[in-house]
Amino acid sequence: MPDHTSNGMQCNEFDHLLADAIDGVLSGSGLDRFQAHARVCKACGPLLAEAEAGRNWLKGLTEVEPPASLVMNILASTTGVDTQRLRVSARSPQPRISWWERVQASLFEGMLEPIWATVRQPRFAMSFGMAFFALSVGLTVAGVKPADLRQVSLRPSAIRHTYYATQARVVHYYENVRVVYQLEALARQVKRNVAPVEPSRKESRPAKQKDDKNDTTQQPEQNRERNYSQADSHLILASVPVGPSPSVFDGSKLDWSKLDPSNPDLPVVSVTTYRRFV
Amino acid sequence: MEDVQVVAMLVRRCIAGDSAAWEEIVQTYNRRIYNICYRFAGSGDDAQDLTQEVFIKMYRTLSSYDHNKGAFVTWVTTITRNLLVDHFRKTKQDRMTDSIDTAAPEHEDAQPLSEQIPDQSAPPDARVRSREVGETVHAALAKLSPELREAVILRDLQDMDYREIAAVLKVPEGTVKSRINRGRAELARLLQRTYRQVM
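Line order of the protein sequences matches chains A and B. Count along the first sequence starting at 1, add 41, and that's the number in this note's numbering. Count along the second sequence starting at 1, add 123, and that's the number in this note's numbering.
Everything labelled a hint here was simulated from the structure, so no lab data went into it. Predicted, not measured: the structure shown is a model, and the values here were computed from it. In this text, a Cβ means the ideal position worked out from N, Cα and C, and glycines have one as well. Don't take each hint at face value.
What the hints assert, rightly or not - To spell it out: a stretch of chain B is covered by chain A in this simulated footprint if at least three of its residues, at any positions, have a beta carbon under 8 Å from a beta carbon of chain A; those stretches are: (1) 143-152; (2) 160-174; (3) 190-197; (4) 255-261; (5) 279-292; (6) 301-309.
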């Protein structure tokens, strides 16, 4: 800047007062001398105009908005560096960590963390909740009480005993159902009614019947499982010498060799009995 | 204006290990520091990186702050300015290489801003127009020398007084005023040339 004087003010003095004049803090005779110099000086006049224009341009700039992630990035980067706080915490005695806790920590971080992250998903939690609800409702309907579970023994013998007892209960329950009993009786009746048809089947295979007289496996089930208690009664005649006969009945012992069926003196006793041949 | 006692308490809490205090400091000053870095570096990505570096340095040297020596904002701005100068020196070689590659003229005035900023058609509304003007001024600001740029940024964009700027730049107040005057005038000349070219 040329160093010459105009209106009693040198250019370097004008340059010194320029900032204050633009800021509006220059007043009085100083402001008058400043303005007079700006009007007559060919170097300082344009300088004042340009400085004012530049200031106006800069004042027109608005603040820019920092990125939303800036604060998070700063906090993340500052917590990872060596700081006063970390140094203080490093000097403090650290709690002793056992090898088991370290193994647990590494196991959890390495293997269980992904699984735990999956379990924490709302979808999985809802499914688990619904499954638990259905199980609890099922157990309640089945009559299982939580108090009973305390007495459950998990020994193999106890489990076997529980299995057989449960099976026996189920079979007993099934056989005691009135409907099942009636159906079984009806089925037996139907089989009995169908039984007369069977001889024709026997005749179709007479040769084999002869060979396997004692083999009843080919016979109808009704023949094999005859229930004589429900069949017609069989009359069995038995004749026993009644009355004192020293020759035949000797005291407490019966001499079968002396019995003669042709003896007309013997009384005939008719006895009807139901015998069950099993 | 910052309350000296409140800031001093925040700093003490932060040194004592209160993470909430540090987060409050970050929340309070990140916008200011980001804007200084953005206006000085000229790039949003560079500004973000530089802002993080400033806060990392602040976090490391927070115990060295003495509120009797000056305001906390002056201390923060000094750290920012020093980092920006270091960044400018580090990237100076890159910029020179870029200039050679692009065969730019030696004098900055020989390359008008109109060649760098695309000449677009008339904006449909005032908002777009204002944004264009802002981008033009921002580009012109980047053309200033670092000494002039930092002076006008601290004065006209951050509204610091001359004494604080002098403390940050470590130069006399007279030098600060001179740099501000020259920076404003240089910026106006660049913009006048630009708009003359555009018109």
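Hint-by-hint comparison with the structure:
no.	hint	in the structure
1	143-152	holds (count 4)
2	160-174	holds (count 5)
3	190-197	violated (count 0)
4	255-261	holds (count 4)
5	279-292	holds (count 3)
6	301-309	holds (count 7)
In the structure shown, a violation is registered for the earlier hint numbered 3 alone.
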